[in-house]
Amino acid sequence: MDDSRKLFVGPRLKRLRRDLNLSQAGMAEELGLSPSYLNLMERNQRPITAQVLIRLADTYSLDPREFATDDTERTASELEEIFADPLFRSTPVPRLELRETVEAAPGLIDAVSRLYRAYVALRGAREARPPEVSDRDRAEDAPQDNPVDRVRHLIQEAKNYFPELDEAAEALASDLQVTGHEPFFAIAERLRAKHGIRVRVMPVDVMSDSLRRYDHHRRQLLISEMVDPPGRTFQAAYQLAFTEMRQSIDDLSARLEPTDGPARRLLRVSLGNYFAGALMMPYGRFHTAAEALGYDVEVLCARFGASFEQVAHRLTTLARPGARGIPFFLVRVDSAGNVSKRFSSGRFPFSQYGGTCPLWNLHATFKSPGQIVTQIVELPDMSRWFSVARAVRRASTAWGTPDPQFAVGLGCELKYAHRLVYARGLDLSAPDPTPIGINCRLCERVACPQRAAPPLMHALIVDEMRRGVSPFEFDPA
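One gets the numbering used here by counting positions in the sequence shown from 1 and adding 2 to each.
These aren't lab readings, by the way, just hints derived from the structure by calculation. The model shown is predicted, which means the values in this text are computed figures rather than measured ones.
Below, simulated SDA-like cross-link-like pairs (lysine to any residue); rule was C-alpha separation at most 25 Å, straight line:
(1) K16 - L35
(2) K343 - L381
(3) K196 - H218
(4) K8 - Y62
(5) K161 - E102
(6) K343 - R326
(7) K343 - R396
(8) K417 - T376
(9) K161 - T77
(10) K16 - A160
Sequences are here, hints too, so could you generate the full structure?
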(Lines of atoms letter the chains of each structure in order from A and count residues from 1; the text may use other names and numbers.)
(Lines give C-alpha, C1' and ligand atoms only; values in the text may rest on other atoms or scores of the structure.)
Protein backbone atom coordinates (compact mmCIF):
# COMPACT_ATOMS: atom_id res chain seq x y z
CA MET A 1 0.00 0.00 0.00
CA ASP A 2 1.45 3.40 -0.96
CA ASP A 3 1.76 6.12 1.69
CA SER A 4 -1.10 8.16 0.24
CA ARG A 5 -3.55 5.36 1.04
CA LYS A 6 -2.25 4.56 4.53
CA LEU A 7 -4.29 5.84 7.45
CA PHE A 8 -2.42 7.45 10.35
CA VAL A 9 -4.67 8.19 13.34
CA GLY A 10 -2.17 8.47 16.17
CA PRO A 11 -3.58 11.51 18.02
CA ARG A 12 -7.14 10.20 17.69
CA LEU A 13 -6.11 6.78 18.98
CA LYS A 14 -4.34 8.38 21.93
CA ARG A 15 -7.41 10.52 22.75
CA LEU A 16 -9.62 7.44 22.66
CA ARG A 17 -7.30 5.60 25.04
CA ARG A 18 -7.22 8.53 27.45
CA ASP A 19 -11.01 8.94 27.28
CA LEU A 20 -11.30 5.27 28.23
CA ASN A 21 -8.79 5.82 31.07
CA LEU A 22 -6.56 3.03 29.77
CA SER A 23 -2.80 2.66 29.81
CA GLN A 24 -1.01 1.69 26.62
CA ALA A 25 -0.44 -1.76 28.05
CA GLY A 26 -4.12 -2.08 29.00
CA MET A 27 -5.44 -1.08 25.57
CA ALA A 28 -2.84 -3.20 23.80
CA GLU A 29 -3.93 -6.24 25.81
CA GLU A 30 -7.62 -5.64 25.01
CA LEU A 31 -6.83 -5.30 21.30
CA GLY A 32 -4.43 -8.24 21.17
CA LEU A 33 -1.47 -6.04 20.23
CA SER A 34 1.94 -5.48 21.69
CA PRO A 35 2.36 -2.25 23.71
CA SER A 36 5.28 -1.25 21.49
CA TYR A 37 3.17 -1.54 18.32
CA LEU A 38 0.36 0.52 19.88
CA ASN A 39 2.95 3.11 20.88
CA LEU A 40 4.19 3.32 17.29
CA MET A 41 0.63 3.80 16.01
CA GLU A 42 -0.04 6.55 18.56
CA ARG A 43 3.09 8.36 17.35
CA ASN A 44 2.02 7.97 13.70
CA GLN A 45 5.05 5.81 13.00
CA ARG A 46 2.79 2.96 11.92
CA PRO A 47 -0.52 3.19 10.03
CA ILE A 48 -3.64 1.63 11.46
CA THR A 49 -4.70 -1.51 9.61
CA ALA A 50 -8.18 -2.70 8.70
CA GLN A 51 -7.83 -5.53 11.21
CA VAL A 52 -7.03 -3.14 14.05
CA LEU A 53 -9.95 -0.90 13.05
CA ILE A 54 -12.27 -3.89 13.25
CA ARG A 55 -10.88 -4.84 16.67
CA LEU A 56 -11.38 -1.26 17.88
CA ALA A 57 -14.96 -1.31 16.64
CA ASP A 58 -15.73 -4.65 18.28
CA THR A 59 -13.96 -3.89 21.56
CA TYR A 60 -15.18 -0.33 22.15
CA SER A 61 -18.47 -0.29 20.16
CA LEU A 62 -17.15 2.15 17.57
CA ASP A 63 -18.15 2.62 13.96
CA PRO A 64 -14.88 1.94 12.09
CA ARG A 65 -15.84 4.36 9.30
CA GLU A 66 -16.35 7.14 11.82
CA PHE A 67 -13.02 6.41 13.49
CA ALA A 68 -11.28 6.22 10.12
CA THR A 69 -12.65 9.54 8.86
CA ASP A 70 -9.80 11.98 8.37
CA ASP A 71 -10.72 15.42 9.74
CA THR A 72 -7.19 16.75 9.30
CA GLU A 73 -7.95 18.63 6.08
CA ARG A 74 -11.06 20.31 7.52
CA THR A 75 -9.27 21.37 10.69
CA ALA A 76 -6.20 22.52 8.76
CA SER A 77 -8.43 24.65 6.51
CA GLU A 78 -10.07 26.24 9.56
CA LEU A 79 -6.65 26.95 11.03
CA GLU A 80 -5.41 28.37 7.73
CA GLU A 81 -8.37 30.75 7.75
CA ILE A 82 -7.47 31.89 11.27
CA PHE A 83 -3.84 32.54 10.33
CA ALA A 84 -4.94 34.49 7.24
CA ASP A 85 -6.18 37.22 9.59
CA PRO A 86 -4.19 40.48 9.24
CA LEU A 87 -3.16 39.96 12.86
CA PHE A 88 -0.67 37.34 11.63
CA ARG A 89 0.46 39.13 8.45
CA SER A 90 4.04 39.47 9.71
CA THR A 91 4.27 35.81 10.79
CA PRO A 92 2.82 33.63 8.00
CA VAL A 93 2.57 29.94 8.86
CA PRO A 94 3.03 27.41 6.02
CA ARG A 95 0.14 24.99 5.46
CA LEU A 96 2.45 22.02 6.00
CA GLU A 97 3.25 23.27 9.52
CA LEU A 98 -0.46 23.75 10.24
CA ARG A 99 -1.24 20.21 9.13
CA GLU A 100 1.59 18.77 11.23
CA THR A 101 0.34 20.69 14.26
CA VAL A 102 -3.22 19.47 13.71
CA GLU A 103 -1.99 15.88 13.69
CA ALA A 104 0.38 16.25 16.62
CA ALA A 105 -1.50 18.54 19.01
CA PRO A 106 -5.30 18.51 18.49
CA GLY A 107 -5.92 19.87 21.98
CA LEU A 108 -3.70 22.87 21.27
CA ILE A 109 -5.56 23.50 17.99
CA ASP A 110 -8.90 23.53 19.80
CA ALA A 111 -7.51 26.05 22.29
CA VAL A 112 -6.21 28.27 19.46
CA SER A 113 -9.62 28.14 17.75
CA ARG A 114 -11.42 29.15 20.94
CA LEU A 115 -8.91 31.93 21.58
CA TYR A 116 -9.41 33.28 18.06
CA ARG A 117 -13.20 33.21 18.39
CA ALA A 118 -12.87 35.17 21.63
CA TYR A 119 -10.59 37.65 19.85
CA VAL A 120 -13.11 38.07 17.01
CA ALA A 121 -15.89 38.66 19.56
CA LEU A 122 -13.77 41.25 21.40
CA ARG A 123 -12.87 42.98 18.14
CA GLY A 124 -16.53 43.12 17.15
CA ALA A 125 -17.48 44.60 20.52
CA ARG A 126 -14.68 47.16 20.23
CA GLU A 127 -15.86 48.30 16.80
CA ALA A 128 -19.47 48.54 18.00
CA ARG A 129 -18.77 50.73 21.04
CA PRO A 130 -18.54 54.54 20.79
CA PRO A 131 -15.01 56.01 20.80
CA GLU A 132 -15.38 57.65 24.22
CA VAL A 133 -15.65 54.26 25.93
CA SER A 134 -12.30 53.15 27.36
CA ASP A 135 -10.48 50.07 26.09
CA ARG A 136 -10.76 48.52 29.54
CA ASP A 137 -14.54 48.93 29.55
CA ARG A 138 -14.73 47.48 26.05
CA ALA A 139 -12.75 44.42 27.14
CA GLU A 140 -14.79 43.91 30.30
CA ASP A 141 -18.10 44.22 28.44
CA ALA A 142 -17.13 42.00 25.51
CA PRO A 143 -18.17 38.35 25.52
CA GLN A 144 -15.33 35.90 26.02
CA ASP A 145 -16.55 33.83 23.10
CA ASN A 146 -19.21 34.59 20.51
CA PRO A 147 -22.10 32.31 21.53
CA VAL A 148 -23.22 31.78 17.93
CA ASP A 149 -19.74 30.77 16.76
CA ARG A 150 -19.29 28.61 19.84
CA VAL A 151 -22.52 26.70 19.20
CA ARG A 152 -21.69 26.28 15.52
CA HIS A 153 -18.34 24.82 16.56
CA LEU A 154 -19.94 22.41 19.03
CA ILE A 155 -22.49 21.22 16.47
CA GLN A 156 -19.75 20.75 13.87
CA GLU A 157 -17.67 18.77 16.36
CA ALA A 158 -20.65 16.45 16.82
CA LYS A 159 -21.02 16.15 13.00
CA ASN A 160 -24.50 17.63 13.45
CA TYR A 161 -25.71 14.26 14.72
CA PHE A 162 -27.22 13.63 18.17
CA PRO A 163 -28.31 9.98 18.36
CA GLU A 164 -30.15 10.21 21.70
CA LEU A 165 -32.44 12.92 20.31
CA ASP A 166 -32.94 11.07 17.03
CA GLU A 167 -33.90 7.84 18.76
CA ALA A 168 -36.33 9.55 21.13
CA ALA A 169 -37.91 11.51 18.26
CA GLU A 170 -38.28 8.35 16.18
CA ALA A 171 -40.05 6.54 19.02
CA LEU A 172 -42.36 9.49 19.65
CA ALA A 173 -43.13 9.81 15.92
CA SER A 174 -44.26 6.17 15.91
CA ASP A 175 -46.64 6.90 18.79
CA LEU A 176 -48.04 9.95 16.99
CA GLN A 177 -48.47 8.04 13.73
CA VAL A 178 -50.78 5.57 15.47
CA THR A 179 -53.30 8.39 16.03
CA GLY A 180 -53.87 8.75 12.28
CA HIS A 181 -53.83 12.55 12.51
CA GLU A 182 -51.73 14.91 10.39
CA PRO A 183 -48.44 15.68 12.24
CA PHE A 184 -49.45 19.19 13.38
CA PHE A 185 -52.76 18.03 14.84
CA ALA A 186 -51.18 14.90 16.34
CA ILE A 187 -48.55 17.00 18.12
CA ALA A 188 -51.15 19.56 19.25
CA GLU A 189 -53.33 16.79 20.66
CA ARG A 190 -50.34 15.25 22.46
CA LEU A 191 -49.57 18.61 24.07
CA ARG A 192 -53.20 19.03 25.13
CA ALA A 193 -53.93 15.50 26.34
CA LYS A 194 -50.65 14.72 28.09
CA HIS A 195 -49.42 18.13 29.22
CA GLY A 196 -52.47 20.39 29.33
CA ILE A 197 -50.99 22.77 26.75
CA ARG A 198 -53.35 24.25 24.18
CA VAL A 199 -52.00 25.16 20.73
CA ARG A 200 -53.61 28.23 19.14
CA VAL A 201 -52.98 29.91 15.78
CA MET A 202 -53.31 33.64 16.43
CA PRO A 203 -53.99 36.70 14.22
CA VAL A 204 -50.97 38.68 13.07
CA ASP A 205 -52.05 41.79 15.00
CA VAL A 206 -51.80 39.77 18.23
CA MET A 207 -48.44 38.24 17.21
CA SER A 208 -46.96 41.33 15.58
CA ASP A 209 -43.44 40.71 16.90
CA SER A 210 -43.40 36.91 17.32
CA LEU A 211 -43.82 33.79 15.25
CA ARG A 212 -44.17 31.57 18.32
CA ARG A 213 -44.73 32.38 21.99
CA TYR A 214 -45.44 30.12 24.95
CA ASP A 215 -47.73 31.55 27.65
CA HIS A 216 -46.65 29.78 30.85
CA HIS A 217 -49.54 31.07 32.95
CA ARG A 218 -52.33 30.08 30.58
CA ARG A 219 -50.40 27.04 29.29
CA GLN A 220 -50.94 28.04 25.70
CA LEU A 221 -48.62 27.80 22.71
CA LEU A 222 -49.39 30.71 20.39
CA ILE A 223 -48.33 30.51 16.74
CA SER A 224 -48.73 33.36 14.27
CA GLU A 225 -51.13 32.83 11.38
CA MET A 226 -48.33 34.06 9.10
CA VAL A 227 -46.36 30.86 9.71
CA ASP A 228 -46.94 28.31 6.93
CA PRO A 229 -48.10 24.73 7.70
CA PRO A 230 -44.59 23.17 7.86
CA GLY A 231 -43.52 26.00 10.15
CA ARG A 232 -46.52 25.47 12.44
CA THR A 233 -45.71 21.78 12.75
CA PHE A 234 -42.09 22.61 13.51
CA GLN A 235 -42.99 25.17 16.19
CA ALA A 236 -45.39 22.74 17.87
CA ALA A 237 -42.72 20.01 17.73
CA TYR A 238 -40.20 22.40 19.30
CA GLN A 239 -42.58 23.00 22.21
CA LEU A 240 -43.04 19.25 22.60
CA ALA A 241 -39.25 18.86 22.71
CA PHE A 242 -39.00 21.19 25.71
CA THR A 243 -42.01 19.58 27.36
CA GLU A 244 -41.03 15.92 27.09
CA MET A 245 -37.28 16.06 26.42
CA ARG A 246 -36.16 18.98 28.59
CA GLN A 247 -33.98 16.89 30.89
CA SER A 248 -32.25 15.12 28.00
CA ILE A 249 -31.66 18.44 26.23
CA ASP A 250 -30.33 20.02 29.44
CA ASP A 251 -27.99 17.08 30.11
CA LEU A 252 -26.68 17.03 26.54
CA SER A 253 -26.16 20.80 26.54
CA ALA A 254 -24.26 20.67 29.83
CA ARG A 255 -22.08 17.85 28.53
CA LEU A 256 -21.19 19.69 25.33
CA GLU A 257 -20.88 23.16 26.90
CA PRO A 258 -19.85 22.89 30.59
CA THR A 259 -20.00 26.67 31.18
CA ASP A 260 -23.51 27.95 31.84
CA GLY A 261 -24.23 31.08 29.84
CA PRO A 262 -25.57 32.34 26.50
CA ALA A 263 -23.78 29.64 24.49
CA ARG A 264 -25.37 26.82 26.49
CA ARG A 265 -28.82 28.42 26.26
CA LEU A 266 -28.42 28.88 22.51
CA LEU A 267 -27.26 25.28 22.25
CA ARG A 268 -30.45 24.17 24.02
CA VAL A 269 -32.46 26.03 21.39
CA SER A 270 -30.46 24.34 18.63
CA LEU A 271 -31.03 20.91 20.17
CA GLY A 272 -34.74 21.65 20.52
CA ASN A 273 -34.79 22.54 16.83
CA TYR A 274 -32.91 19.33 16.06
CA PHE A 275 -35.51 17.27 17.92
CA ALA A 276 -38.35 19.09 16.14
CA GLY A 277 -36.85 18.29 12.74
CA ALA A 278 -36.24 14.68 13.76
CA LEU A 279 -39.85 14.35 14.94
CA MET A 280 -41.20 15.67 11.63
CA MET A 281 -38.78 13.51 9.62
CA PRO A 282 -38.06 10.34 11.65
CA TYR A 283 -34.59 9.01 10.88
CA GLY A 284 -35.37 5.54 9.50
CA ARG A 285 -38.28 6.53 7.26
CA PHE A 286 -36.60 9.73 6.12
CA HIS A 287 -33.25 8.10 5.29
CA THR A 288 -34.96 5.29 3.36
CA ALA A 289 -37.06 7.77 1.40
CA ALA A 290 -34.10 10.04 0.67
CA GLU A 291 -32.05 7.18 -0.76
CA ALA A 292 -34.97 5.83 -2.81
CA LEU A 293 -35.82 9.28 -4.23
CA GLY A 294 -32.29 10.31 -5.12
CA TYR A 295 -32.43 13.02 -2.45
CA ASP A 296 -35.16 14.89 -4.32
CA VAL A 297 -35.74 17.66 -1.79
CA GLU A 298 -39.12 18.79 -3.09
CA VAL A 299 -40.58 15.27 -3.11
CA LEU A 300 -39.29 14.81 0.45
CA CYS A 301 -41.00 18.11 1.34
CA ALA A 302 -44.32 16.78 0.07
CA ARG A 303 -43.94 13.37 1.70
CA PHE A 304 -43.04 14.65 5.16
CA GLY A 305 -44.98 17.93 5.19
CA ALA A 306 -41.79 19.96 5.56
CA SER A 307 -40.28 23.02 3.91
CA PHE A 308 -37.28 23.09 1.57
CA GLU A 309 -35.03 24.48 4.31
CA GLN A 310 -36.27 21.96 6.89
CA VAL A 311 -35.56 19.03 4.55
CA ALA A 312 -32.18 20.43 3.52
CA HIS A 313 -31.23 20.87 7.17
CA ARG A 314 -32.38 17.34 8.02
CA LEU A 315 -30.22 15.92 5.22
CA THR A 316 -27.12 17.25 7.02
CA THR A 317 -27.92 15.10 10.08
CA LEU A 318 -27.95 11.62 8.50
CA ALA A 319 -24.91 10.15 10.21
CA ARG A 320 -26.33 7.07 11.96
CA PRO A 321 -23.87 4.14 11.85
CA GLY A 322 -25.17 1.58 9.39
CA ALA A 323 -27.66 4.03 7.85
CA ARG A 324 -25.65 7.03 6.77
CA GLY A 325 -26.75 9.47 4.14
CA ILE A 326 -24.63 11.59 1.84
CA PRO A 327 -22.45 13.92 3.96
CA PHE A 328 -24.03 17.22 2.98
CA PHE A 329 -23.23 20.76 4.03
CA LEU A 330 -25.82 23.54 4.24
CA VAL A 331 -25.37 27.30 4.00
CA ARG A 332 -28.08 29.94 4.31
CA VAL A 333 -27.42 33.53 3.21
CA ASP A 334 -29.50 36.68 2.94
CA SER A 335 -29.59 39.02 -0.05
CA ALA A 336 -26.60 40.94 1.36
CA GLY A 337 -24.49 37.79 1.52
CA ASN A 338 -24.57 37.44 5.31
CA VAL A 339 -24.30 33.80 6.36
CA SER A 340 -26.89 32.92 9.01
CA LYS A 341 -26.63 29.11 8.93
CA ARG A 342 -23.73 26.72 8.48
CA PHE A 343 -24.15 23.00 9.04
CA SER A 344 -22.27 19.95 7.85
CA SER A 345 -22.13 16.23 8.50
CA GLY A 346 -18.76 15.96 6.75
CA ARG A 347 -16.27 18.38 5.28
CA PHE A 348 -17.31 22.03 5.19
CA PRO A 349 -15.58 23.70 2.25
CA PHE A 350 -16.37 27.34 2.96
CA SER A 351 -15.30 30.02 5.41
CA GLN A 352 -16.17 29.64 9.08
CA TYR A 353 -15.96 33.37 9.78
CA GLY A 354 -16.77 35.27 6.59
CA GLY A 355 -19.16 35.19 3.66
CA THR A 356 -19.18 33.11 0.49
CA CYS A 357 -18.02 33.50 -3.10
CA PRO A 358 -20.31 35.53 -5.42
CA LEU A 359 -19.47 33.14 -8.28
CA TRP A 360 -21.36 30.40 -6.46
CA ASN A 361 -24.83 30.47 -8.03
CA LEU A 362 -26.42 30.25 -4.59
CA HIS A 363 -26.66 34.03 -4.84
CA ALA A 364 -28.42 33.90 -8.22
CA THR A 365 -31.45 32.14 -6.73
CA PHE A 366 -32.84 35.47 -5.49
CA LYS A 367 -33.58 36.30 -9.14
CA SER A 368 -35.83 33.24 -9.50
CA PRO A 369 -37.56 32.45 -6.17
CA GLY A 370 -38.79 28.89 -5.86
CA GLN A 371 -36.56 27.57 -8.66
CA ILE A 372 -33.82 25.05 -7.86
CA VAL A 373 -30.42 25.68 -9.46
CA THR A 374 -27.47 23.29 -9.52
CA GLN A 375 -23.77 23.84 -10.04
CA ILE A 376 -20.47 21.97 -9.99
CA VAL A 377 -17.79 24.11 -8.38
CA GLU A 378 -14.07 23.75 -7.88
CA LEU A 379 -12.28 25.32 -4.93
CA PRO A 380 -8.65 26.51 -4.94
CA ASP A 381 -7.52 23.23 -3.33
CA MET A 382 -8.88 21.47 -6.47
CA SER A 383 -11.70 19.79 -4.54
CA ARG A 384 -14.96 19.59 -6.49
CA TRP A 385 -18.45 19.92 -5.10
CA PHE A 386 -22.03 19.59 -6.34
CA SER A 387 -24.52 22.11 -5.00
CA VAL A 388 -28.29 22.49 -5.05
CA ALA A 389 -29.71 25.90 -4.13
CA ARG A 390 -33.04 27.66 -3.87
CA ALA A 391 -34.38 30.94 -2.49
CA VAL A 392 -36.78 30.53 0.44
CA ARG A 393 -38.97 32.69 2.68
CA ARG A 394 -39.15 32.24 6.43
CA ALA A 395 -42.82 33.26 6.78
CA SER A 396 -45.47 35.34 5.06
CA THR A 397 -45.54 39.02 5.95
CA ALA A 398 -48.22 41.69 6.10
CA TRP A 399 -48.28 44.48 3.54
CA GLY A 400 -45.79 47.23 4.31
CA THR A 401 -43.49 45.09 6.47
CA PRO A 402 -40.07 43.70 5.44
CA ASP A 403 -40.21 40.41 3.55
CA PRO A 404 -37.00 38.59 4.53
CA GLN A 405 -35.73 36.16 1.92
CA PHE A 406 -32.85 33.73 2.09
CA ALA A 407 -30.96 31.43 -0.24
CA VAL A 408 -30.30 27.89 0.97
CA GLY A 409 -27.40 25.98 -0.53
CA LEU A 410 -27.08 22.23 -0.06
CA GLY A 411 -23.92 20.55 -1.31
CA CYS A 412 -21.69 17.51 -1.22
CA GLU A 413 -18.38 16.36 -2.62
CA LEU A 414 -18.65 15.55 -6.33
CA LYS A 415 -17.91 11.87 -5.69
CA TYR A 416 -21.40 11.52 -4.14
CA ALA A 417 -23.27 13.39 -6.89
CA HIS A 418 -24.18 10.23 -8.86
CA ARG A 419 -26.63 9.40 -6.06
CA LEU A 420 -28.55 12.67 -6.57
CA VAL A 421 -31.54 13.05 -8.85
CA TYR A 422 -30.20 16.51 -9.73
CA ALA A 423 -27.09 15.05 -11.40
CA ARG A 424 -28.92 12.70 -13.76
CA GLY A 425 -27.87 13.23 -17.36
CA LEU A 426 -24.61 14.93 -16.39
CA ASP A 427 -21.22 13.51 -17.32
CA LEU A 428 -19.69 13.50 -13.86
CA SER A 429 -16.53 11.82 -15.15
CA ALA A 430 -15.66 14.93 -17.18
CA PRO A 431 -17.37 17.88 -15.47
CA ASP A 432 -16.83 21.53 -16.33
CA PRO A 433 -16.73 23.07 -12.85
CA THR A 434 -17.01 26.76 -12.04
CA PRO A 435 -13.82 27.93 -10.28
CA ILE A 436 -14.80 29.68 -7.05
CA GLY A 437 -13.11 30.68 -3.82
CA ILE A 438 -13.82 30.33 -0.12
CA ASN A 439 -14.19 34.08 0.27
CA CYS A 440 -12.28 36.99 -1.19
CA ARG A 441 -9.76 37.47 1.59
CA LEU A 442 -8.74 33.79 1.43
CA CYS A 443 -9.05 33.31 -2.35
CA GLU A 444 -5.89 33.31 -4.46
CA ARG A 445 -7.54 33.20 -7.90
CA VAL A 446 -6.18 35.92 -10.18
CA ALA A 447 -8.20 38.13 -12.55
CA CYS A 448 -11.52 37.52 -10.80
CA PRO A 449 -14.06 40.17 -11.88
CA GLN A 450 -16.10 39.61 -8.69
CA ARG A 451 -13.22 40.14 -6.25
CA ALA A 452 -14.27 42.47 -3.42
CA ALA A 453 -10.99 42.45 -1.46
CA PRO A 454 -7.36 41.48 -2.08
CA PRO A 455 -6.09 38.22 -0.58
CA LEU A 456 -4.49 38.77 2.80
CA MET A 457 -1.47 36.54 2.21
CA HIS A 458 -0.25 38.28 -0.98
CA ALA A 459 1.18 41.71 -1.77
CA LEU A 460 -1.19 44.10 -3.53
CA ILE A 461 -0.04 45.47 -6.91
CA VAL A 462 -1.20 49.00 -7.76
CA ASP A 463 -0.69 50.25 -11.33
CA GLU A 464 -1.97 53.79 -11.84
CA MET A 465 -1.82 53.39 -15.63
CA ARG A 466 -3.75 50.12 -15.94
CA ARG A 467 -7.15 48.79 -14.89
CA GLY A 468 -7.37 45.01 -14.93
CA VAL A 469 -10.36 42.67 -14.90
CA SER A 470 -10.13 42.57 -11.12
CA PRO A 471 -10.08 45.81 -9.10
CA PHE A 472 -7.39 44.23 -6.90
CA GLU A 473 -4.32 42.75 -8.54
CA PHE A 474 -1.67 40.96 -6.52
CA ASP A 475 1.52 38.99 -6.75
CA PRO A 476 0.44 35.32 -6.79
CA ALA A 477 3.93 34.13 -5.84
